[in-house]
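Student: These are the residues of each chain, in order.
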Amino acid sequence: AQSVTQLDSQVPVFEEAPVELRCNYSSSVSVYLFWYVQYPNQGLQLLLKYLSGSTLVKSINGFEAEFNKSQTSFHLRKPSVHISDTAEYFCAVINTGTASKLTFGTGTRLQVML
Amino acid sequence: SQTIHQWPATLVQPVGSPLSLECTVEGTSNPNLYWYRQAAGRGLQLLFYSIGIDQISSEVPQNLSASRPQDRQFILSSKKLLLSDSGFYLCAWSTGQANTGELFFGEGSRLTVL
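Read top to bottom, the protein sequences are chains A and B.
Per this note's numbering, the first sequence starts with residue 1, numbered consecutively.
Per this note's numbering, the second sequence starts with residue 1001, numbered consecutively.
It is worth saying that the hints were derived from the structure and are not from the lab.
The beta-carbon is built from N, C-alpha and C at its ideal position, and this holds for glycine as well.
Any given hint might turn out to be false.
[Said to hold, decoys possible] The following label-pair restraints were derived from C-beta to C-beta distances: (1) A/Q42 x B/E1026: 13 to 23 Å; (2) B/T1100 x A/Q71: 14 to 24 Å; (3) B/D1054 x A/P79: 44 to 54 Å; (4) A/N41 x B/K1080: 21 to 31 Å; (5) B/T1100 x A/S28: 13 to 23 Å; (6) A/E66 x B/S1001: 41 to 51 Å; (7) A/K69 x B/V1015: 46 to 56 Å; (8) A/G53 x B/V1015: 19 to 29 Å; (9) B/G1043 x A/I83: 36 to 46 Å; (10) B/A1039 x A/S28: 27 to 37 Å; (11) B/G1043 x A/L51: 15 to 25 Å; (12) A/L114 x B/H1005: 28 to 38 Å; (13) A/S30 x B/H1005: 40 to 50 Å; (14) A/E15 x B/S1029: 43 to 53 Å.
[What the hints assert, rightly or not] SDA-like, lysine to any residue: derived pairs with alpha carbons at most 25 Å apart: (15) A/K58 x B/Q1002; (16) A/K49 x B/I1051; (17) A/K58 x B/I1051; (18) A/K49 x B/L1046; (19) A/K58 x A/K78; (20) A/K49 x B/K1079; (21) B/K1079 x B/L1011; (22) A/K78 x B/S1001; (23) A/K49 x B/S1050; (24) A/K49 x B/Q1062; (25) A/K49 x A/T96; (26) A/K49 x A/H75; (27) A/K78 x A/P40; (28) A/K69 x A/S28; (29) A/K78 x B/E1102; (30) A/K69 x B/E1102; (31) A/K49 x B/Q1002; (32) A/K49 x B/S1017; (33) B/K1080 x B/S1017; (34) A/K58 x B/T1095; (35) A/K49 x B/S1001; (36) A/K58 x B/S1050; (37) A/K49 x B/T1003; (38) B/K1080 x B/Q1062; (39) A/K69 x A/P40.
Please put together the full structure from these sequences, using the hints given.
Tutor: This is the structure:
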C-alpha cells in the first residue's frame, strides 16, 4: 500500500517570496502523483499531476512540482507567491496499474501575508 | 463537460437526527464515486467508495452508510447523528476505466451536529 507524508502542517510566507511545500511518498511500485488545492469552504481542485514523462510539471498559475524517484518526493514550489495562493494544499499518490485508490497527505496550510 | 454537484451546502442537525447528503455527476457514465470527510484541522478520510450501482465499499466502520441508487447518484446517510459526525463532507468521482486516480470533487457539504 502507498502512503504520503506532508511534514509541514502550516507554512507562513510573505507575498512575493518563494515557497516550497514538501511531499514524500512511500510505495513499492510505480506511482502517479498529484497536488490538489482547497480554498476555504470549497472542494479540492487539481493543481498539477505527474503521470509519466517529464519529471517537472507545472500549473497554469505558476506552481511547479518535480518528481524525484530516488528521494520519493514530489515537492511543490512557486518562485513568488500571491495573497490569493492562501489555501490548503494536499499531496496525493496512487499505485499505477492497480485498482488502488488515491491516498492523500494530511495537507499543508499556506498562509500568504502582506 | 463533466460536472459534480452535492447538496445541501450547509447543514446544522441535532444529535440523534437522521442525515442525507446527495451527490450527482453529469456528463460521464459509469464513474467511480467517493465520499470523503474532512474534520477540522485534519486531512481527508475516505468513507465510502463505489465502482457501480449497489457496489459500495466502506473504508471506516461508523454510523454512516452510503447508497448508489443510480449510476451517477451517490447518497450519504445516517439514522442517528453523533457529535463526532461534524465535518466537511466531500463527494468525488473518477473515471471507471483507464483510471489514473485523478479525482474531481464537489463543492462540499458542511455538517454541524449540535
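Student: Would you mind marking each hint as holding or not holding in the structure?
Tutor: Verification of the supplied hints:
For the pair A/Q42 and B/E1026, the supplied restraint of 13 to 23 Å holds, since their beta-carbon distance comes to about 19 Å. Against the hinted window of 14 to 24 Å, the Cβ-Cβ separation of B/T1100 and A/Q71 comes to about 23 Å, which satisfies the hint. Range check, B/D1054 to A/P79: about 49 Å between beta-carbon atoms, so the 44 to 54 Å window is met. Our hint of 21 to 31 Å for A/N41 and B/K1080 holds, since their Cβ atoms are close to 27 Å apart.
Separated by about 19 Å at the C-beta atoms, B/T1100 and A/S28 satisfy the suggested range of 13 to 23 Å. For A/E66 and B/S1001, the Cβ-Cβ distance of about 30 Å falls outside the hinted range of 41 to 51 Å, so the restraint is violated. A hinted range of 46 to 56 Å for the beta carbons of A/K69 and B/V1015 is consistent with their spacing of about 49 Å. Hint check: A/G53 to B/V1015, Cβ distance near 51 Å, so the stated range 19 to 29 Å is violated.
Look at B/G1043 against A/I83: about 24 Å separates their beta carbons, and that is not inside 36 to 46 Å. One distance hint, 27 to 37 Å for the beta-carbon pair B/A1039 and A/S28, holds here, with the actual separation near 30 Å. The beta-carbon spacing between B/G1043 and A/L51, approximately 23 Å, falls within the hinted interval of 15 to 25 Å. For the pair A/L114 and B/H1005, the supplied restraint of 28 to 38 Å holds, since their beta-carbon distance comes to about 35 Å.
One distance hint, 40 to 50 Å for the beta-carbon pair A/S30 and B/H1005, is violated here, with the actual separation near 34 Å. Checking the proposed 43 to 53 Å range against A/E15 and B/S1029 shows it holds: the Cβ atoms sit about 44 Å from each other. Of the pairs offered as hints, the one joining A/K58 and B/Q1002 holds, with about 23 Å between alpha carbons and a cut-off of 25 Å not exceeded. Among the hinted pairs, A/K49 with B/I1051 is consistent with the structure: their alpha-carbon atoms are about 23 Å apart, no more than 25 Å.
At most 25 Å may separate the alpha-carbon atoms for a hinted pair to count; A/K58 and B/I1051 exceed this at roughly 31 Å. In summary, the hint linking A/K49 to B/L1046 is supported, as the alpha carbons are separated by about 20 Å, within the 25 Å threshold. Between A/K58 and A/K78 the alpha-carbon distance is near 10 Å, which keeps this suggested pair within the 25 Å criterion. Of the pairs offered as hints, the one joining A/K49 and B/K1079 is violated, with about 39 Å between alpha carbons and a cut-off of 25 Å exceeded.
Straight-line distance between C-alpha atoms of B/K1079 and B/L1011 comes to about 15 Å, which keeps the hinted pair within the 25 Å bound. Restraint check: the Cα-Cα separation between A/K78 and B/S1001 comes to about 30 Å, which exceeds 25 Å; the hinted pair is violated. Taking the CA atoms of A/K49 and B/S1050, the gap is near 23 Å; set against the 25 Å cutoff, the hint holds. Between the alpha carbons of A/K49 and B/Q1062 the distance comes to roughly 32 Å, so the proposed pair goes past 25 Å and is violated.
About 13 Å separates the Cα atoms of A/K49 and A/T96, which keeps this hinted pair within 25 Å; it holds. The hinted pair formed by A/K49 and A/H75 meets the criterion: a straight-line CA distance of about 12 Å does not exceed 25 Å. For the suggested pair A/K78 and A/P40, the alpha carbons sit about 20 Å apart, so the restraint of at most 25 Å is met. Proposed proximity of A/K69 and A/S28 is supported: the alpha carbons are some 12 Å apart, at most 25 Å.
At roughly 22 Å between alpha-carbon atoms, A/K78 and B/E1102 fall within 25 Å of each other, so this suggested pair holds. Taken as a hint, the A/K69 and B/E1102 pair is honoured in the structure, with Cα atoms around 20 Å apart against an allowance of 25 Å. Proposed proximity of A/K49 and B/Q1002 is supported: the alpha carbons are some 19 Å apart, at most 25 Å. A threshold of 25 Å between alpha carbons decides the hint, and for A/K49 with B/S1017 the separation of about 40 Å lies outside it, so the pair is violated.
Restraint check for B/K1080 and B/S1017: the C-alpha separation of about 5 Å stays at or below 25 Å, so the hint holds. At roughly 23 Å between alpha-carbon atoms, A/K58 and B/T1095 fall within 25 Å of each other, so this suggested pair holds. Using a Cα cut-off of 25 Å, the hinted pair A/K49 and B/S1001 holds, with the two alpha carbons roughly 20 Å apart. The hinted pair formed by A/K58 and B/S1050 fails the criterion: a straight-line CA distance of about 31 Å is larger than 25 Å.
About 20 Å separates the Cα atoms of A/K49 and B/T1003, which keeps this hinted pair within 25 Å; it holds. With a C-alpha separation of about 11 Å, the suggested pairing of B/K1080 with B/Q1062 holds against the 25 Å cut-off. Only pairs whose Cα atoms come within 25 Å are accepted, and A/K69 paired with A/P40 is rejected, the gap being roughly 32 Å.
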